[in-house]
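Visitor: Sequence:
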Amino acid sequence: MKKSLMKKSLLTKSPMPNNESRRFSPLLGLIVAILGLAVLMVAQQAPNRHRMEDDLTQRSTRALHSAGLSDVWVTFTGRDGRLTANSSAEAEHALDIVQAIQGVRVAEAQVPAASVPPSVLVALGQGTASVTGTVPSERARTALVGAATSLGTASVEDRLTVDGAVTDTALGGLADVLRAFGRSSDGTTVRLDGGTLSVGGRVSSETHKNAVLAAARATGATVVDQIEVPDVRRQLQELPRLTFASGGDSLTAASQAILVRVAQILDANPSSRTRIEGHTDTTGTAESNLVLSRTRAAAVYDFLVGKGVAADRLSVKGFGETRPKVTETTAADRAENRRVELVAGTAGSPPDRQPPGAGPPGAGPTG
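Residue numbers for the sequence shown follow the UniProt record's numbering, so the first one is 1 and each next one is one higher.
Read the hints as simulated data drawn from the structure, not as lab findings. Note that CB positions come from ideal geometry on N, CA and C, so glycine has one too. A hint or two may mislead.
[Unchecked claim] With a straight-line Cα cutoff of 25 Å, these simulated DMTMM-like cross-link-like pairs (lysine to aspartate or glutamate) come out:
(1) Lys-317 <-> Asp-231
(2) Lys-307 <-> Asp-267
(3) Lys-307 <-> Asp-225
[As the list claims (entries may be wrong)] Computed Cβ-Cβ distance ranges for the label pairs, DEER-style:
(4) Asp-158 <-> Asp-80: 39 to 45 Å
(5) Gly-220 <-> Gly-127: 30 to 36 Å
(6) Gly-127 <-> Ala-286: 26 to 32 Å
(7) Arg-159 <-> His-50: 24 to 30 Å
(8) Glu-228 <-> Gly-172: 23 to 29 Å
(9) Asp-302 <-> Ser-155: 47 to 53 Å
(10) Gly-146 <-> Val-326: 17 to 23 Å
(11) Gly-187 <-> Arg-159: 15 to 21 Å
(12) Val-162 <-> Lys-307: 20 to 26 Å
(13) Ala-332 <-> Pro-230: 40 to 46 Å
(14) Ala-286 <-> Lys-307: 54 to 60 Å
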């Protein structure tokens, strides 16, 4: 009897655990409800927080602009403000304004560290050099002094100071600028100050100058060009007279050597333009002298083009006997009037005729 009851009891109670497993625990339900409520509250509060931050930012910005502090930047995280100003004085003034705005809990300001550009002057002359200014490191100092020394100076006066607060803006390229000047320049000065690089001195040619300016611009600084180049017209004037075979248009060996130097001058100064002018004395007819002046000028043109001078940089004009340098009364006067003149100019300023007596190389002895 007990066994059956036990069996019956077991039979009647065995389904109960299955029914309880289908029910939610009251504690679990409470937790789910709390979590759901929290998520709902966060979802509702997020837009409100953003609106509050935007409102505080807008009101603070308007107040700062009204106070003349338009350069101060302000942002909010909740009711906490963060300001960025250009100076400590600006920061303190801005904090007073923002903290007085209704709804602001706290505000803080920061001033970015000021960047100080390097200031350097390198001066070369008479076999000596001086290097003065402020650089950020010993490495920069060594590079500048070494570049000045490499130009063949007998001594370098090092008056540089090292300051870690100084930036290296444009400083790394100064050694290349000095090397571009090289040993053939005179009175070289390289000054870097506040992001502006001034280069000055006398160099050998326009090509030399262009190399220095290219190195200067590679530093990224604003370049001020104070470089002088020799006057091409004067260089041509200082050459010996050109000569031709008597009565003809064949260049003598001496004239060919002179024109080799002319080609070198023009090659080193690529913006120059040259007009080749042929002239004769009054011996012979005007017509034959005009033809002879043209053929002699053409002979000079052909020689220079053969030496690599671009044809579009040269022009030819024959004047015959119409433009004498001197009045002909002697054989020496006639020789003075027999000439080929090279008149220099630039692409933007074509060559002008030189006044009588100022011409460069002259042509030969007869005709």
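Visitor: Now tell me, hint by hint, if it's right for this structure.
Guide: Results for each hint:
no.: 1; hint: Lys-317 <-> Asp-231; in the structure: holds, 23 Å
no.: 2; hint: Lys-307 <-> Asp-267; in the structure: holds, 10 Å
no.: 3; hint: Lys-307 <-> Asp-225; in the structure: violated, 31 Å
no.: 4; hint: Asp-158 <-> Asp-80: 39 to 45 Å; in the structure: violated, 51 Å
no.: 5; hint: Gly-220 <-> Gly-127: 30 to 36 Å; in the structure: holds, 32 Å
no.: 6; hint: Gly-127 <-> Ala-286: 26 to 32 Å; in the structure: violated, 58 Å
no.: 7; hint: Arg-159 <-> His-50: 24 to 30 Å; in the structure: violated, 58 Å
no.: 8; hint: Glu-228 <-> Gly-172: 23 to 29 Å; in the structure: holds, 27 Å
no.: 9; hint: Asp-302 <-> Ser-155: 47 to 53 Å; in the structure: holds, 51 Å
no.: 10; hint: Gly-146 <-> Val-326: 17 to 23 Å; in the structure: violated, 57 Å
no.: 11; hint: Gly-187 <-> Arg-159: 15 to 21 Å; in the structure: holds, 19 Å
no.: 12; hint: Val-162 <-> Lys-307: 20 to 26 Å; in the structure: violated, 52 Å
no.: 13; hint: Ala-332 <-> Pro-230: 40 to 46 Å; in the structure: violated, 31 Å
no.: 14; hint: Ala-286 <-> Lys-307: 54 to 60 Å; in the structure: violated, 32 Å
In this structure, the hints that do not hold are numbers 3, 4, 6, 7, 10, 12, 13, 14, in rising order.
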